[in-house]
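Using numbering that gives the first Met the number 0, the first residue of the sequence shown is number 0, and each one after it goes up by one.
Source of the hints: derived by calculation from the structure; they are not laboratory data. A portion of the hints provided could be inaccurate.
Think about it this way: if two alpha-carbon atoms lie no more than 20 Å apart in a straight line, the pair counts; the simulated DMTMM-like pairs of lysine to aspartate or glutamate are [claimed, not checked]:
| no. | residue 1 | residue 2 |
| --- | --- | --- |
| 1 | K46 | E14 |
| 2 | K63 | E14 |
| 3 | K63 | D34 |
| 4 | K46 | E61 |
| 5 | K37 | E61 |
| 6 | K2 | E66 |
| 7 | K2 | E14 |
| 8 | K46 | E66 |
| 9 | K27 | D73 |
| 10 | K63 | D73 |
| 11 | K38 | E61 |
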Amino acid sequence: MAKSLFDAGLISSGEAAVMSFPMDHLRKSLGIAVDESKKINYVEQYKSSLAMALQNNASPQELKMREHMVAVLDGLNSVA
Numbered sequence: 000m001a002k003s004l005f006d007a008g009l010i011s012s013g014e015a016a017v018m019s020f021p022m023d024h025l026r027k028s029l030g031i032a033v034d035e036s037k038k039i040n041y042v043e044q045y046k047s048s049l050a051m052a053l054q055n056n057a058s059p060q061e062l063k064m065r066e067h068m069v070a071v072l073d074g075l076n077s078v079a
């Protein structure tokens, strides 16, 4: 999905890299159960990551990137 959004010019290469990070692999390595049959709600996932970034005083650049990613995904969600 990240590659398609990048190729369409909707997200930057940095945003594509963040979206491409294998979160399920990280969760598994931390011993967190992952249900691979369950669909991922990317809108909710990135809204949560934005909220966490806000709580942890992330840099303005990171906040801007995460806000943009949420806006793009929200926009795609409203079209579908």
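Hint check results:
no.: 1; hint: K46 to E14; verdict: 14 Å, holds
no.: 2; hint: K63 to E14; verdict: 10 Å, holds
no.: 3; hint: K63 to D34; verdict: 30 Å, violated
no.: 4; hint: K46 to E61; verdict: 13 Å, holds
no.: 5; hint: K37 to E61; verdict: 28 Å, violated
no.: 6; hint: K2 to E66; verdict: 19 Å, holds
no.: 7; hint: K2 to E14; verdict: 10 Å, holds
no.: 8; hint: K46 to E66; verdict: 8 Å, holds
no.: 9; hint: K27 to D73; verdict: 28 Å, violated
no.: 10; hint: K63 to D73; verdict: 15 Å, holds
no.: 11; hint: K38 to E61; verdict: 26 Å, violated
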